[in-house]
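Undergrad: Once you've looked at the hints, go ahead and assemble the two chains, each given alone in its own frame, into the complex.
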Amino acid sequence: MKYYDKLIFEWSHEGRRGYSLPATPWSNTTDELPARLKRNTDTGLPEVSEPDVVRHYTNLSNMNFGVDTGFYPLGSCTMKYNPKINEEVAALPSFTSLHPLQPAETVQGALQLYYELNRALASLTGMAECTINPFAGAHGELTGLMVMRQYHMKRGDLKRTRIIVPDSAHGTNPASAAVCGLEVVEVKSTPQGTIDLNSLRPLLDDTIAGIMMTNPNTLGLFETEICEIASLVHECGGLLYYDGANMNPLLGVCRPGDMGFDIIHLNLHKTFSTPHGGGGPGAGAVGVAAHLTDYLPNPRVMRNEEGVFTVCDHEDAAGQISGFLGNFGVAMRAYAYIRSLGREYIRQVGPLAILGANYIKESLKDCYKLPIPGLCKHEFVFDGLINKETGVTTLDVAKRLLDYGYHSPTIYFPLLFHQSIMIEPTETESPETIDRFIEVMRLIADEATTEPELVKTAPHNTPIRRLDETTAAKHPVLRYAELSSEN
Amino acid sequence: MSEVKEGLYYSESHEWIKVEGDCGYVGITDHAQQALGNIVYVDMPEEDDEVTQNEEFGAVESVKAASDLISPVSGKVTEINEALEDQPELINQDAFGNWIIKVELSDKGELDALMDAAAYEAYCNENL
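Chains as they are written, first to last, in this note's numbering: chain A, 1 to 487; chain B, 1001 to 1128.
Quick caveat, the hints were computed from the structure, so don't treat them as lab data. Built from N, CA and C at the ideal position, the CB exists for glycine as well. Take these hints with a grain of salt, some might be off.
[Claimed, not checked] With a straight-line cut-off of 20 angstroms between C-alpha atoms, the simulated EDC-like cross-links for lysine to aspartate or glutamate are:
| hint | chain 1 | residue 1 | chain 2 | residue 2 |
| --- | --- | --- | --- | --- |
| 1 | A | K188 | B | E1055 |
| 2 | A | K474 | B | E1055 |
| 3 | A | K474 | B | E1056 |
| 4 | A | K188 | B | E1056 |
| 5 | A | K474 | B | E1085 |
[As the list claims (entries may be wrong)] Over 12 angstroms on every C-beta distance to chain A, these chain B residues come out as not near it, computed from the model:
| hint | residue |
| --- | --- |
| 6 | G1037 |
| 7 | D1049 |
| 8 | V1063 |
| 9 | K1064 |
| 10 | K1076 |
| 11 | P1088 |
Next comes chain B alone, as it looks inside the complex (with noise of 0.2 angstroms):
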């Protein structure tokens, strides 16, 4: 049903981040995408604010209901994805190709918390 992705890091939350260097790109997964339904609207931080792992820095909207963005690390957000403003929907069209926010991690170790795509698939069907 729903893809999962390779060399990502995932959340019990339903997000991911694709890890370069030091900077990670937050995302939600295509699972989240699929269960939240049509996209109309992604409320996201702004460029230099403090994120927390585990906690909210921002909300999907769909026609269905509202969710929080749950932060998969700590760090600065140093870009945000300016195309979801126009266009919310691109994350329904591929949720691994359109991230909605950089991060500068500022503690890799938090990593270490996260599932990698084989626990992820796991932890989606248990969750079915």
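With the rest of the complex left out, here is chain A (with noise of 0.2 angstroms):
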């Protein structure tokens, strides 16, 4: 791989231009503005040609891995592979020219897709009624939890201002309760890794709002007991918050309606292969039961009788919580997966995604300690090397599969073990890509006894070896002004 790490800035040179406009026939409309509102320092933009941008880009984008490029075992992200056919979709220029401030009788297309996505999600996750309006997973959790206020602000019932989450959750369940002005309180997983219903139980009382869930849970185990613990939080007058993150083993399968969750979000950048990472964008769809549809954030997309979509408010509504009817690409990519996919195939990506990461999880449980023995859905969690005499860490591990041409798994999450290290393998890749991951894996496994040192250094392959991480936490450069005054 040829290194590259340049920044635009560096390119730049005064007066350089890649195109040089006509005139145009209208004034200067900055003129108009008032003194405040005008920029009186440079820009500081770079001053390139057309070349130079390119071959920067092009340059920058062949130092990126991705799963375009070799396997990414990202467990809790599902980095599963997203077929070009969604790029394909998403593409048309009958939905890329619409503007979002078109009057609804000219996008009848675009709103029937919304629609007919909703449909889809809410019949995959048995919800009512689902929202496709927040940007991100963690939008969606706040916007599933502005709903769940708003359900008990509507009922008169002020003091539900509590929200349970287990010790396993994702670090996003926390926060996104403090934003949205819940306390939390932590309910403890039993050893087996499942929600501690003798935890749970003196924790619910009138001021519980409700419990935020995933399931199959952060160490990719099934709450057995999930029938158990929704009748226990719907008897104290609390919700149940499904967090979608781990919905890749249900799809199709099993629906958190079913289990009797009330609010759900779904990473439509996870399960339904939209891509994901390196800043989305994003899509955190949301369903509810039938009783919350009323809280649903506006605009809601709505098909009368006579067939025609309409975009309409609700007056109850817990707000409004993107400018339009959120990252509608996004929407197109998921709604391209699921057609594609169709009733029948969709049922198989639980099972394969499960299948997978049971087969290296038995395969390599001899040099990595699993902590929680058993079968396991879509992915699992490994607390480090067996042989931990050498010193060898999660880290060093992580950074040694860096030189074998793969993405590192998660590490170091969750917390729930200090040598976490978290596979997921989904659903798309074949036997022979497992195999070989196995094989190095075991490998890595090997070198930690007879060569600790060169784990411990590693990488030694990559552009760059291993980073300072300290450093760039504590002191993190941001902006090229910073760096070049630094040096």
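TA: See below:
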């Protein structure tokens, strides 16, 4: 790989232009702006030619590692391959040339797509209705919790300000709850890794707004007592929130709505194969049970009796959380994915994802410590190497994987174990790819015993060796201006 | 592996307290700093803040994770270790030599709920 690490600013030459625009017949409108709105400093933008720009970004993109270049077993993230048909559909000019402020009667096709995606997601999750307006998973969580609060407030039940979150939850759960003004109460896991009902029961009282759960949970384990949990939470007057981060193994097989969940969010960029990582854009669709549909955020897309689609607001809505109807291009990709798999094949996603994860787990458990044995769902967690004598850590193993051309798995999460390494192959990988990965993981375990220094100083073959994470966290240099002033 | 120091009281959430008269110095244990890895930030309370036994009084952030600091005792914060603001890595270098807060204990009886060095060492080995 050709090493390239320039910033576009380093190519800048004063006065260089990619294009010269013709004079316009309009006046220079900035003359009419009030002085306080006018910039009086240099913009600091790079001045570069078109080939400079093209080469810069092409060279940068060649340094990238993505699911299109190699295996990406990043647990908790569902980095599945994104079929190219999704891109083809999302690029259709009849959609891309629409303006979000066009009257509804002129964008019936786009509204139909939104509506049908909404119906498909609702039927896959057992919910009454969805919104696809939130821009990301965490945004979806916040939206779902706003619906929960609105439900309690509309009933005049103002003391429900606390929410239960398991200790194994994704970090975004307590963060979203705090942003929504809810106080987080932690519930412990059993040694088997699922929610401890005995810890849950005493927490349930009339101040509980609900519980946030992921199922299967962060350890890749199915919460087998979910129906009991649902009835306990409902009896105390709370709602059940489903974090859809781990929806992949359940797709088309079982539904959160049938387990008793009232509100869910789905990461379209995980389960529904839209681009993920590097800033998305994502989409965090939210679904709710029938008694909560009025609280979904505005605007909503409805279909009337004549089959005409309208965009409308509801006065009881929990507010508006995005400008229009969300990241529409992402919705189009998710729609393409669901329609191209269809009812029959979407059911194979979960079983294949589960098979791949269990195969890797069983093939490696004699070299990596498996803290919770047994069947997992789409992902699982090792607690580092079994042989800890040479001092090789999970971080070292993850760095060594880079040398063999893999993206590292998720490490040091969940926090339940000290040396967590979390692997999720997804359904899209072939047995040969998975076998090769297993072989490399075994090789690294061997190296950790025979040549520990090799692993501790990895990576060796990457353009940049091990990064100084401490300095990066303590003294981040985020702007070119800071970099050039330091040199 | 990790060091345990005699003469201190220890909590299950891996804080230590060294009692001097009515006051105590609170920090995190060597075991905790090892588990956290390189510490990049310590979020501390302010002087005169009240802390409560078994409740959060701040947080430590490392390259791996952010962890709440749980107070081993109740009382008033009389001093914070300002050196940690710029050099949080001091905790990695010497976890027992770099306390985080000094607390004026409101109830010395609370110390009975904590472990001594031997009990804490056994507790760590049990939970490895």
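Undergrad: Work down the list of hints and note, for each, if the structure agrees.
TA: Verification of the hints:
no. : hint                 : verdict
1   : K188(A) <-> E1055(B) : 16 angstroms, holds
2   : K474(A) <-> E1055(B) : 27 angstroms, violated
3   : K474(A) <-> E1056(B) : 23 angstroms, violated
4   : K188(A) <-> E1056(B) : 17 angstroms, holds
5   : K474(A) <-> E1085(B) : 11 angstroms, holds
6   : G1037                : 8 angstroms, violated
7   : D1049                : 19 angstroms, holds
8   : V1063                : 4 angstroms, violated
9   : K1064                : 4 angstroms, violated
10  : K1076                : 24 angstroms, holds
11  : P1088                : 8 angstroms, violated
When held up to the earlier numbered hints, the structure conflicts with 2, 3, 6, 8, 9, 11 and fits the remainder.
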